[in-house]
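Same order as they appear, the protein sequences are chains A and B.
Position one of the first sequence corresponds to residue 1 (my numbering), numbered consecutively onward.
Position one of the second sequence corresponds to residue 1001 (my numbering), numbered consecutively onward.
These are calculated hints, taken from the structure and not from any lab test.
Small disclaimer: the values here were computed from a predicted structure and weren't measured.
Ideal placement from N, C-alpha and C gives every residue a C-beta, glycine not left out.
It cannot be assumed that every hint is accurate.
What follows is a list of derived Cβ distance ranges for each label pair [as the list claims (entries may be wrong)]: (1) A/P40 to B/K1053: 17 to 23 angstroms; (2) B/D1026 to A/S58: 46 to 52 angstroms; (3) B/K1013 to A/R67: 42 to 48 angstroms; (4) A/F18 to B/S1007: 27 to 33 angstroms; (5) B/L1114 to A/P40: 23 to 29 angstroms; (6) A/G9 to B/E1056: 30 to 36 angstroms; (7) A/S14 to B/D1026: 21 to 27 angstroms.
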Amino acid sequence: GDSVTQMEGPVTLSEEAFLTINCTYTATGYPSLFWYVQYPGEGLQLLLKATKADDKGSNKGFEATYRKETTSFHLEKGSVQVSDSAVYFCALITSNTGNQFYFGTGTSLTVIP
Amino acid sequence: DVKVTQSSRYLVKRTGEKVFLECVQDMDHENMFWYRQDPGLGLRLIYFSYDVKMKEKGDIPEGYSVSREKKERFSLILESASTNQTSMYLCASSLPSAWSGELFFGEGSRLTVL
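Next up, chain A with everything else stripped away, as it sits in the complex (with noise of 0.2 angstroms):
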């Protein structure tokens, strides 16, 4: 079935440090991928998405590459702000899954000043 696997939390960095969140997945038809952010109190919101393969989705300062060759989606953001702490949330959709997205387990993110 269709799945996404984000690297274990939590993590601490300190402020302009370069971010990484692993995330890779399976699917049995043509995903859209995205991450999906979380702030303190709040519902998730969109961070970013790619839509096809090799496309780069990007918003404030983050990224991330759909990779079919090796199925991932790894965020990156090259120095990160204290702004940034959050859960970030990788997900999965598909033509064959319908309306029904997949989510990974979420990832916590703190920065340090």
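Given chain A's structure and the hints, the job is docking chain B onto it.
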């Protein structure tokens, strides 16, 4: 600004009580979803609806039911709450072509069952 509104941010209920969680969206979206979020388990889909009066079971529908009488409103019902239903509940909505779009989430309802 698009919005998904969940009626209660925090609820405390007793075992056996009937619980209603309400969700309203103002984006005229066809699809609506209920997830529960638990540490280490991520988001798990309880039910979703792709049209008024239509519903589909998600991955963990046991102990829950839903109602969608109007397009903008999707209710989650716990007929007889149990302690293992203590969780954060998230409502979301999307357009029909969700596979290329996005989910819009409410802020969540944290339910504690004593």
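Verification of the supplied hints:
The supplied range of 17 to 23 angstroms is broken by A/P40 and B/K1053, whose beta-carbon atoms lie about 36 angstroms from each other. The supplied range of 46 to 52 angstroms is broken by B/D1026 and A/S58, whose beta-carbon atoms lie about 28 angstroms from each other. At about 45 angstroms, the CB distance of B/K1013 to A/R67 agrees with the hint of 42 to 48 angstroms. Take A/F18 and B/S1007: their Cβ atoms lie about 41 angstroms apart, and the range 27 to 33 angstroms is violated.
For the pair B/L1114 and A/P40, the beta carbons lie near 25 angstroms from each other, so the given range of 23 to 29 angstroms is met. For A/G9 paired with B/E1056, a C-beta distance near 31 angstroms keeps the hint of 30 to 36 angstroms intact. For A/S14 and B/D1026, the Cβ-Cβ distance of about 41 angstroms falls outside the hinted range of 21 to 27 angstroms, so the restraint is violated.
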